[in-house]
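In this text, residue positions in the sequence shown follow our numbering: the first is 1226, and each later residue adds one.
The hints are simulated quantities; they were obtained by calculation from the structure and are not laboratory data.
Among these hints, one or two may not hold up.
[To be verified] Within a straight-line C-alpha distance of at most 25 Å, the following computed SDA-like cross-link-like pairs (lysine to any residue) qualify:
(1) Lys-1759 - Gln-1740
(2) Lys-1306 - Gly-1350
(3) Lys-1306 - Asp-1780
(4) Lys-1306 - Gly-1275
(5) Lys-1759 - Asp-1862
(6) Lys-1759 - Pro-1719
(7) Lys-1759 - Gly-1694
(8) Lys-1759 - Pro-1821
(9) Lys-1759 - Pro-1346
(10) Lys-1759 - Val-1798
(11) Lys-1759 - Leu-1745
(12) Lys-1306 - Arg-1479
[Said to hold, decoys possible] Now the in silico label distances, taken between C-beta atoms and shown as ranges:
(13) Glu-1496 - His-1318: 36 to 42 Å
(14) Glu-1859 - Arg-1527: 31 to 37 Å
(15) Arg-1527 - Arg-1684: 50 to 56 Å
(16) Glu-1859 - Phe-1593: 43 to 49 Å
Heads up, the beta-carbon is just placed ideally off N, CA and C, and yes, glycines get one too.
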Amino acid sequence: GGSYGWASAGRFHHAKSQLQRFLGMAGGFTNQRHNYSYAAGLAVLPHIVGGVEAAAGPVTDWPSIVGHTGLMVSFGGLPVKNAQVDSGGNGEHAAAGFIREAAGRGAPFIAVSPLGDDLPPDVEGEWIPIRPGTDTAMMLALSQVLFAEGLADRAFLERCCTGAAAFEASLEGRTPEWAEGITGVPAGRIRTLAREMAAARTMISTAWALQRGDRGEQPFWATVALAACLGQIGLPGGGFGFGYGCVSGIGAPRHGIAGPTFPIGPNPVAEFIPVARIADMLLNPGGAYDFDGEQRRYPDTRLVYWAGGNPFHHHQDINRLVRAFRQPETVVVHDPWWTATARHADIVVPATTTLERNDIAAGRRDRFWLAMHRAIDPIGRARNDHDVFADIADRLGFRERFTEGLGEMAWLRRIYDEACGRAAERGLNLRDFDAFWAEGHVELPRPETPRVLFEGFRRGEERLATPSGKIELYSERVAGFGYEDCPGYPAWLPPEEWLGAEAAREWPLHLISNQPATRLHAQLDQGRVSQASKVGGREPIRLNPADAAARGIADGDVVRVFNGRGALLAGAVLSGDVLPGVAALATGAWYDPADPSEPGSLDKHGNPNVLTADRGTSKLGQGPSAMSALVEVERFDGEPPPVTAFDPPEIAA
């Protein structure tokens, strides 16, 4: 019943909320903990800074960066293609404009990334190429330079942090020369960058993607430690933040008023799993696992009910997921589309699309609430999720409790009015529902004062919700868990799969499965914008020209990408923006196995999660580790099989 997914920006017809309200009233369900975007960060940050705002927002906002930042160092870059979207929708696409404004003021932008195009194309910045999965080693070396050259702000470390001495001791030998052998970044550039960061008002931005790998907690912890050494946390335009450029709302000025939302209600079952451990749960009922200081057991799951999501897009090691989805007695899916998840269900309920519903979009990071007027009547026998659950609830005897006697428009009016009530408590009076619905939107004003993350803490006005009340560079609590894959301080722990691993002898390319520029996740992959990006009908895979030449691959060739977990076809695109030894294949191509009955069958379309590993980041976070995957690529000779991912189902008479 976790039903993870982004089916619609609408807050009433939010499929997961509708499903969980229904299941909660029906007796309960196994819920999810955290998300696929930054699960490791959500687990580790409370131990370091007492909360998750630094990743989920609100972070230091862009106006503060524009006004005060003298240097922005972005580990993982600032991929503004990702900032086209946000959960719940967005009415203001501001990230790229703020970056240009800051760059126009003369603030240098430095992107530390395996990909050279992780900055906006019209922003002049420096690209520091780095081997994937090694950012922690570079951050530790930068911190080592700060201590060694007397550039660390010891007064800040003493006043606002605990564990600084232990962290400094852990840096022995973590020199730029040591880091160069791991990261490929020249030692001289690491040393000069540390000096530049100490000399300027520096904002450290770390992309969510960095923690989606083996030991993914470490780059986030190392980011906080590096920023603490600089001593600028809580200053305008300084410190650190996670997720800038990853979605539209990170860094966007916002009022902090919760928008309209559909009430889920209580879940009588306390059971949950870390969100990315779904295949483990289905394959190992009753199996033990560690999570954030607890030892837990997976429930015995007989029914999977999914509405508004597509795990065969976002989960790792799809061939393993195929086997996992064969374990429950029944799988029920609501979907408008014949997705891979629907194809693996026993019962498929045809759901309406956003165009067939009335709703309200209201992203929690956005300043706009948007009226979503139905454009067409429902097609065929498609129904919205609320009506489906209401009818099932009727047969189970709790329809009135589920619907509260309200239909679609009455629910929209209610959740809008409730949100207006919250706004009024903050002194903001908004137009009534009828005016909103006719006008089409409500705009909340920008805050008058730019937000600065940890500003009150720095001034001594607030304690952090950590045991010490301070930033914990060494955590006795985490150390006490005894996890070998997540000690009590930020450390370089080699991933199971990276270019320095023994496995790289057989699989010599590091696969980066980043977000696509032509769609939201896998949505509308069959649409003309996404289809225009395909190469030979397949998802494009970007390769460095030297790697392609060594394999006899030309631009536009169909290639086979493979490792011990699976194989897929993709279309080769040669690019100098890709570091040698790296292959970049965006997520979102619909899974299209040549033989759907056989796990491990060749994926004809190019879904990278056929190749990624389904293992937790660590025992602490148990997040997805998609970014730690090694592959090989070869030219595909002969006639490639046709793509059938978008073929409709065969309907029995």
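Right, here's what the structure says about each hint:
1. For the hint linking Lys-1759 to Gln-1740, the alpha-carbon distance of about 15 Å falls within 25 Å, and the restraint holds.
2. Between Lys-1306 and Gly-1350 the alpha-carbon distance is near 17 Å, which keeps this suggested pair within the 25 Å criterion.
3. Straight-line distance between C-alpha atoms of Lys-1306 and Asp-1780 comes to about 23 Å, which keeps the hinted pair within the 25 Å bound.
4. Taking the CA atoms of Lys-1306 and Gly-1275, the gap is near 31 Å; set against the 25 Å cutoff, the hint is violated.
5. At most 25 Å may separate the alpha-carbon atoms for a hinted pair to count; Lys-1759 and Asp-1862 meet this at roughly 18 Å.
6. Proposed proximity of Lys-1759 and Pro-1719 is contradicted: the alpha carbons are some 34 Å apart, above 25 Å.
7. A hinted pair counts as satisfied when its Cα atoms are at most 25 Å apart, and Lys-1759 with Gly-1694 does not qualify at roughly 51 Å.
8. Our distance criterion of 25 Å between C-alpha atoms is met by Lys-1759 and Pro-1821, whose separation comes to about 22 Å.
9. With a CA separation close to 21 Å, the supplied pair Lys-1759 and Pro-1346 stays within the 25 Å bound.
10. The hinted pair formed by Lys-1759 and Val-1798 meets the criterion: a straight-line CA distance of about 10 Å does not exceed 25 Å.
11. For the suggested pair Lys-1759 and Leu-1745, the alpha carbons sit about 15 Å apart, so the restraint of at most 25 Å is met.
12. Taken as a hint, the Lys-1306 and Arg-1479 pair is honoured in the structure, with Cα atoms around 21 Å apart against an allowance of 25 Å.
13. Distance hint for Glu-1496 and His-1318: a CB-CB separation of about 39 Å, consistent with the stated range 36 to 42 Å.
14. Take Glu-1859 and Arg-1527: their Cβ atoms lie about 42 Å apart, and the range 31 to 37 Å is violated.
15. Checked against the given bound of 50 to 56 Å, the beta carbons of Arg-1527 and Arg-1684, roughly 54 Å apart, stay inside it.
16. For Glu-1859 and Phe-1593, the hinted distance range of 43 to 49 Å is satisfied, since their beta carbons lie about 48 Å from each other.
Violated hints for the displayed structure, listed by number in ascending order: 4, 6, 7, 14.
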